[in-house]
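Listed below, chain by chain, are the residues.
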Amino acid sequence: MTELWDGFVQALQLIVSFDREVMEIAGRSLWIAATSCTIAMLICLPLGCLIHFRSFPGKRLLISVIQTLYSIPTVLIGLLVFLFISNAGPLGGLGLLFSPAAIIMGQVILISPIMLGLIISALSGVDKMVTETALSLGATRVQAAIVSVREVRYAIVTALIMGFGRAISEIGIALIVGGNIAGYSRTITTAISLETQRGNLELAIALGIILVFIALVINIGLHWLQRK
Amino acid sequence: MALIRVVNVGQEYGGKYVLKGVNLEIQSGEVFALIGPTGAGKTTLIRLLNLLETPACGQVYFDGIDVTRSERQRLKARRRMAYVQQKPIVFKMNVYGNVACGLKWRKVKKEVVRSKVDNALAMVGMLDNTKRDARTLSGGEMQRVAIARALVTDPEVLLLDEPTANLDPISIAKVEEVLEKIIGQKNITVVMATHDMPQGQRFADRIGVMINGEMTQIGSPNEVFCSPQNREVAELVGVENVLAGVITVKEDELVTIEVKGNSIQAISELPLGEKVHVLIRPEDITFTPARNVSSARNMFDGEIIRMTQVGRLVRIEVDCGIPLLGVLTMVSAQELGLTIGKRLYASFKVTAIHVIKRRD
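For the record, the sequence lines run as chains A and B. Take 657 as the starting number for the first sequence in my numbering and just add one per residue. Take 317 as the starting number for the second sequence in my numbering and just add one per residue.
A portion of the hints provided could be inaccurate.
Looking from chain B toward chain A, a few residues come up when the C-beta cut is under 8 Å (computed) [as the list claims (entries may be wrong)]:
1) Leu368
2) Arg388
3) Ala398
4) Ile405
5) Phe407
6) Tyr412
7) Cys417
8) Arg422
9) Lys423
10) Val424
11) Lys425
12) Lys426
13) Cys542
FYI, nobody ran anything at the bench for these hints, they're computed from the structure. Every residue gets a Cβ at the ideal spot worked out from N, C-alpha and C, and that includes glycine.
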């Protein structure tokens with residue numbers, strides 16, 4: 657118990673003293689997750705609009721598949737990306753294995769179904785008359801779609817936050833395709849795993865506290881948006 | 317050349333035809349009212365005119381160009397029109413933003429947008445509400461913002477779908493005042509769907525009557541209200557006395573029609589022996605306690621079988637061998653001492669009767 661308490665106190669000291677290693681790992685995790693979210697949103701927003709506004713055979717099935725992919729295990733995505741970017745894989749020549757780019761690639765695959773599903777679901781809640789009103793006022797199909805997106809902007813930010821939360825807290829992808837290389841591809845989750853195994857509990861706890869703090873900020877943000 | 321031309325247009329939803337073979341021409345600057353009961357297809361036709369839907373069959377021409385199916389032509393035509401829905405939808409933004417959006421989509425310069433939006437809001441009396449969240453407006457205010465939003469782009473055609481339905485009388489008066497201003501001040505073509513007959517009569521140059529997805533009659537308000545072409549139109553425009561009979565005597569245009577053993581004299585071009593419907597508006601029947609000397613050729617005595625008060629009016633149903641429904645002011649009813657069972661005389665002129673061919 658004393659060991660745990662000491663570890664907690666030392667962890668707080670690492671945080672308040674802005675320990676270089678802690679800040680570097682946390683910073684890297686944040687930018688990797690933020691980049692993944694940005695890329696995923698750039699893909700999912702137009703794709704979500706396309707799926708929502710267009711009628712095509714198999715639309716319901718596609719939405720069901722997207723929703724099923726919400727809970728796909730991170731290690732499975734890690735394995736999939738590994739197979740693609742390892743030397744023997746089709747993208748092996750790009751030399752992406754064990755790099756932040758590989759983690760981003762995996763995280764985009766991980767969070768895209770969540771974001772896509774939430775965007776489609778949010779757009780389904782928009783009154784059909786909103787799009788028709790925009791069209792009747794002279795909007796093009798794209799301008800009318802933008803009006804619908806604006807109507808559910810808070811729900812879309814919610815999708816973004818959910819994706820960010822999933823990305824920053826995953827470990828399977830970061831471990832398999834990131835390689836947990838110190839100073840290069842080590843993230844909060846891989847570092848916690850490693851430092852716990854090494855017995856460096858104060859560093860693991862410090863990183864854990866930062867992760868919990870980020871989760872707390874995400875939750876507060878979500879609650880605030882849901883009240884809008 | 318007609319600004320809008322609809323040729324043999326039909327529309328179906330789930331295999332059920334809601335619009336059948338509609339033909340219509342609307343001239344530039346004309347105010348055209350579509351009247352008809354709920355579910356007659358008025359909204360569908362308006363939506364087809366606004367090119368929000370593609371018809372199942374037929375063509376829609378705008379300014380001489382077939383705009384039925386080409387997406388590019390449809391957008392070009394739609395940008396020359398504006399549509400105000402029955403239940404206006406406002407976007408999640410303030411009143412100014414709502415009114416300005418049509419101009420922004422047309423890439424109009426910011427300073428021009430400001431002045432046009434202000435003018436449009438001033439026209440509908442909503443200039444003091446520019447910064448208000450549009451979703452907090454009342455039904456009447458929302459409708460006025462929707463009208464401003466439609467007018468701000470200076471449309472050549474304004475499509476109105478039941479613009480005063482679901483509004484309280486004060487809001488109706490305000491919206492009608494705005495419509496009167498628009499029609500009076502702007503050289504604009506208006507197509508208005510309404511089930512408010514006086515509203516259609518008040519604003520329209522021509523009226524089209526829609527029943528069961530078909531354009532049953534098109535004519536001036538006077539023609540539609542005074543000379544309905546069939547029983548359905550007659551009932552729709554408030555002709556409540558529809559009596560089935562046969563022409564038994566004909567002297568030039570003066571005919572005698574046998575209705576349940578009673579003879580009614582009217583003016584008609586229909587031939588002897590024709591099965592007809594005799595149409596009499598309730599307000600054209602005069603009631604007197606005794607047989608009066610009057611110019612009315614038709615006079616029947618009967619007994620009051622039903623009385624209903626409607627605002628300041630009293631509707632009475634008199635059994636004269638044929639049922640006759642009439643209206644009197646409350647004051648007149650009191651002066652005549654009308655009660656159920658009381659006998660009185662009902663009279664009406666030959667010119668007050670409209671005779672149409674019976675289809676059954």
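Comparing the hints with the structure gives:
{"no.": "1", "hint": "Leu368", "result": "6 Å, holds"}
{"no.": "2", "hint": "Arg388", "result": "10 Å, violated"}
{"no.": "3", "hint": "Ala398", "result": "7 Å, holds"}
{"no.": "4", "hint": "Ile405", "result": "4 Å, holds"}
{"no.": "5", "hint": "Phe407", "result": "6 Å, holds"}
{"no.": "6", "hint": "Tyr412", "result": "15 Å, violated"}
{"no.": "7", "hint": "Cys417", "result": "6 Å, holds"}
{"no.": "8", "hint": "Arg422", "result": "6 Å, holds"}
{"no.": "9", "hint": "Lys423", "result": "11 Å, violated"}
{"no.": "10", "hint": "Val424", "result": "11 Å, violated"}
{"no.": "11", "hint": "Lys425", "result": "16 Å, violated"}
{"no.": "12", "hint": "Lys426", "result": "17 Å, violated"}
{"no.": "13", "hint": "Cys542", "result": "35 Å, violated"}
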